[in-house]
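Participant: Sequence:
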Amino acid sequence: MTLLKNYQRVRFSSYFDLSKDFDNADFVIFPSRLAAEIYFQEIYNPDINSKFVTISSRIKDYVDSLGFENSQLDYFADNFESEILNLT
0 MTLLKNYQRV RFSSYFDLSK DFDNADFVIF PSRLAAEIYF QEIYNPDINS KFVTISSRIK
60 DYVDSLGFEN SQLDYFADNF ESEILNLT
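Take the sequence shown: its position 30, counted from the start at 1, is 29 in numbering that gives the first Met the number 0, and no numbers get skipped.
To be clear, the hints were calculated from the coordinates, so they are not data collected in a lab.
Treat the hints with care, since some could be wrong.
To be verified - Calculated pairs, DMTMM-like style, for lysine to aspartate or glutamate (alpha carbon to alpha carbon, straight line, at most 25 angstroms):
hint	residue 1	residue 2
1	50	36
2	19	73
3	59	46
4	59	73
5	59	20
6	19	68
7	4	63
Sequences are here, hints too, so could you generate the full structure?
Facilitator: Here it is in structure tokens:
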């Protein structure tokens, strides 16, 4: 019998120190909806002009619902690296 364990994602108490890491980011890639939620609630700075990239339609739909332009990449594509380079 195999026992499956689930994990719960936990938010940090503060993202202040992390926000500096995004000051010069050309792109912000969201690997999950939670990552996008945290970014826009805790880190986003409208004075910084970054492009947003998602890796699934669910994440893209969420970022779209906030009114932000974003590109969706196929994370499992054979040419994933090329897709990223095409965004520049």
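Participant: Which earlier hints can't be squared with this structure?
Facilitator: 2, 7
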